[in-house]
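Here is what each chain is made of, one letter per residue.
2 protein chains.
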Amino acid sequence: MKEKTKVLLIICDGLGGRPVESMGGLTPLEVARTPNLDRLAANGISGLMDTIRPGVVPGSDVAHLAILGYDPYEVYTGRGPFEAAGVGIELKAGDIAFRCNFASVDDAGIVTDRRAGRIKDASPFDDVISAIELDDAKVLFKAGTEHRGALVLRGEGLSAAVGPLDPKKEGKPLKECKPLDDTPEAARTARILNQFSAKAREALEAHPLNEQRRADGKLPANAILIRGAGVVPHIPDFEERFELKAACISGAAFYAGIARSMGMDIVTVDGATGGLDTDVGVKITGACELLDKGYDMVFVHVKATDNLGHDGKAIEKAAMIERIDDALEAMPPEGTLLVLTGDHSTPCEMKNHSADPVPILMSGPGVRTDAVDTFGERPAMTGGLGRIRGIEVVPTFLGITGRAKKYGA
Amino acid sequence: MKEKTKVLLIICDGLGGRPVESMGGLTPLEVARTPNLDRLAANGISGLMDTIRPGVVPGSDVAHLAILGYDPYEVYTGRGPFEAAGVGIELKAGDIAFRCNFASVDDAGIVTDRRAGRIKDASPFDDVISAIELDDAKVLFKAGTEHRGALVLRGEGLSAAVGPLDPKKEGKPLKECKPLDDTPEAARTARILNQFSAKAREALEAHPLNEQRRADGKLPANAILIRGAGVVPHIPDFEERFELKAACISGAAFYAGIARSMGMDIVTVDGATGGLDTDVGVKITGACELLDKGYDMVFVHVKATDNLGHDGKAIEKAAMIERIDDALEAMPPEGTLLVLTGDHSTPCEMKNHSADPVPILMSGPGVRTDAVDTFGERPAMTGGLGRIRGIEVVPTFLGITGRAKKYGA
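So the sequence lines, in the order shown, correspond to chains C and P.
Using the numbering used here, the letters of the first sequence correspond one by one to residues -4 to 404.
Using the numbering used here, the letters of the second sequence correspond one by one to residues -4 to 404.
Please note: incorrect hints may appear among the correct ones.
Intra- or inter-copy, both count: the list cannot distinguish identical chains.
Unchecked claim - Listed below are the simulated DSSO-like cross-link pairs for lysine-lysine, each with C-alpha atoms no more than 27 Å apart in a straight line:
| no. | residue 1 | residue 2 |
| --- | --- | --- |
| 1 | Lys(-1) | Lys346 |
| 2 | Lys164 | Lys400 |
| 3 | Lys115 | Lys87 |
| 4 | Lys240 | Lys163 |
| 5 | Lys213 | Lys87 |
| 6 | Lys346 | Lys213 |
| 7 | Lys213 | Lys288 |
| 8 | Lys401 | Lys115 |
| 9 | Lys173 | Lys288 |
| 10 | Lys213 | Lys(-1) |
| 11 | Lys(-1) | Lys164 |
| 12 | Lys194 | Lys240 |
| 13 | Lys213 | Lys240 |
| 14 | Lys346 | Lys401 |
| 15 | Lys(-1) | Lys173 |
| 16 | Lys308 | Lys167 |
| 17 | Lys308 | Lys288 |
| 18 | Lys346 | Lys240 |
| 19 | Lys115 | Lys170 |
| 20 | Lys308 | Lys213 |
| 21 | Lys194 | Lys288 |
| 22 | Lys346 | Lys133 |
| 23 | Lys173 | Lys213 |
By construction, these hints were calculated from the structure, which means they are not laboratory data.
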C-alpha cells in the first residue's frame, strides 16, 4: 500500500500584520524577501484564516487549540494548565493550575520587579517551593524559562474561580487572592493560595541563591506572582482523534505544553530557544527527521515573529520572516504536505494581538494549486482556500492527504 | 403577476477532481472542452461548495440530502431507506430498510460472486422473497437494477442497530447478522434477518429462474447479501418546506429514492440509464418539459462522472463532461435559473470520494454575474459565490429566484 502523505505544520506566532506606513503600506510579511514561501504558495493553495471567528482576538492558547483541531469553547479553561504541562508537570484532570512569575518585592511587600531582575534560571527554587505544606492541597511546582514557572494545586474541593495574586504592575503590593464566586471551593482555594504565597515568600527570602544574588548586586527572586487559574481539562488524545502520530518541536515551553496536553510527543532540538536567537533551520531539520522516523505529523512552533510584533519592530519582524524563509529551501519534504500559518496577527502598530485573519498556505501532494504566487496577507485574499476558520485546518489537511473519514455511503 | 423564476438543478455525481499530471496538471473538468458550461459561467456566478463541511468526505446519500436542503445530521439514518424508496417500496417512518445484492453462493455457503453473474433482471424473484414469512416482521422486497435490491422489515420492536450479512468480499461465507447494541430490539432484528437469509436461500435455490440460469451455464442468484441498515426517517416534504413543486429525473434508482423520500415526483425518461450509456440530452429535454408543465424545480442526476472517477479513468471522465456540456447548448431555458454542481469530488487518482470542494455555478435571471468565464475547480475559486456549504445551495437559489422568505420586518 502506498504510504499516506505526511504533514509538516509550521505555526509562526503572531505572523499576520497590518500595512506599515514606513514600509510603503506593506506588511512585514509582504515586504520581506521570501523566495521559498513564494515558491510554496505558487505550488500550493493559499487562503486567510480566522483562528476563532471574525472579530475575535485570539490568545495564543485558544488559537493553538483551534488550529490543532480542538474547539476552545469546549476544552479551554485557562492558560495555567498549558503552562504547567509545558514545564513538565504531570497533570491530572481536575488539578488547578496557574502560571507564575518569580518577582522581587521590597520589605514593605511592594513588587519592585515583576521578573526578579530577569533571573536566568529559577529551577534551584523548585525543591523548597514544592516542599511547601498546605492545609488542604498538595503543591506541584516547576520553574520554566527565565522568570517563569507553573504551580499546580491537587486535592479535593478546589476551584479555579480565584483571582490573581499578580498586581500586573510594578510599584504595587502583591494582591490578596479573592474568590470569584460564592462557592465554598473558591473561598477555600483563595485561602490556600494566600497561605502558599506567604510560605513561598518565607522560603525564598531564606534561600541561599537569593543571598548570593543580593551579594552580587542582583534583585532577589523573593516572591511568586500567580495568575491564569484553570482547572486541568480532559483533552481527547490527538492521535486517537485524528489517527495521526504527532510530535511537537517548540523552543517555548508553553506551546509544547499545549501539544503535550493533546498527547503529542515533545522533542527538543539544540538551538530552538523560543527567542529571537532561535535556530529555525534545526527545528525544520529535526521535524523532517521525525517524519522519516515514522511520525505522521510534526508541529513546529516559531515564537519570535510574535515577540517582534509586540515590540512594534516591523523591520526586525520582516527580517525574522526572511530567516524563517531561508530555512524552507528544501520544503516540502517528499511525500509531505507543508502547512504554514500563524496563530493570529500581531501588527507592529498595535503591539498586541489583533482579530485580523492570518494567511495560510498548504503545499505538497494532492493540492489543487491556485493562482496565488506570493505569500502575504493580501495575496492570500484571492487564494483557493478562501477564508477558513482555525478549527477547519486539521480537517482540511486530513482531506488533502486522503486521511479524512467518509460520512454516509 | 409575473411568473417566478424556475430552477433546473443538475447534479453531476463525483464531478470534482484533482490536478492530473498526465493532463498537464489540469483536472478532467478543466481539461474538458466545455463551451456551454463556460458560457453559463461567464453569464452566471460561480463558487466552491463544501457539501458537508471542509474535511468531510461525503457519501452520496448525505451529499444529496445537504444539497437538497436537509441537514443530514438531522435526518440521515443509513443508506437502506433511500435504496428502498428508489426501487419503489412504499415506506412508513419506523420501517427498517436495507440495501441488498443478489449473489451466488456454493454448496458450502461461500460467496462466489457478489453480483450473481451480473444478473440483468432479478425482479422475477420479488414474489417468492416478499412471500417469506417471518416470526415477528412483515417482509417487503423489490429488486432494483441488475443485481441490486432493497429489503424492508415492518413490525413492532425492530432496530437498525444490526451488522451486515454481506461479507463484502468473495471467497468468504455469508456473515451471520449480529446486533450492534445491547437492546432486545437489536437482538430480535438480528435473529429475524438470519431467519430471512436462510429462507431466502431456500426459496431462491428452488426457483425456476435459477434452474434456467444453471442450465444456461450462468451463476445462480441464490443468496441475498444485506447491508446498510437504516430506520426510515421522517423527512419533511420538500414542497412544503421550500414552496417548490419539484420533480426528479435520474437513471440511478438510489438518487430517485432520495428525491422520493422528500416527496418529489419521480419521472422516468427513455435513455436515462444511470450508466455511461445514459442519454444526458433526453434528461435535460425531459426536465424542460416538466418545467413547462408547471413544476417549479426539476432535479436531474447524472451518475457516470462518479463511476469514471472511481475507475480512475481521467480521459473518459473528461469526455463524459464534454457529453454533458453538449446537452447544455440551449441552457438555461427562459425564465429558469440553471444550477449545476457535483455532490462531491471523485478524483481519478484517489478512485474514491474526497473532501475537496466541488465547483458550482448558477446562471439565469437575477444572478449577479462575476468575472469567472470558465467552469472548473480553479476558476471557481475566485467566483462570486465564494465558498459555500451544501446546505446553503437551496436557500441561495431561493434567494436569487426571489422565493426566499423575509426574516424580521
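Determine which of the earlier numbered hints do not hold for this structure and return their numbers in increasing order. 3, 4, 5, 6, 7, 8, 9, 10, 12, 13, 15, 16, 17, 20, 21, 22 and 23
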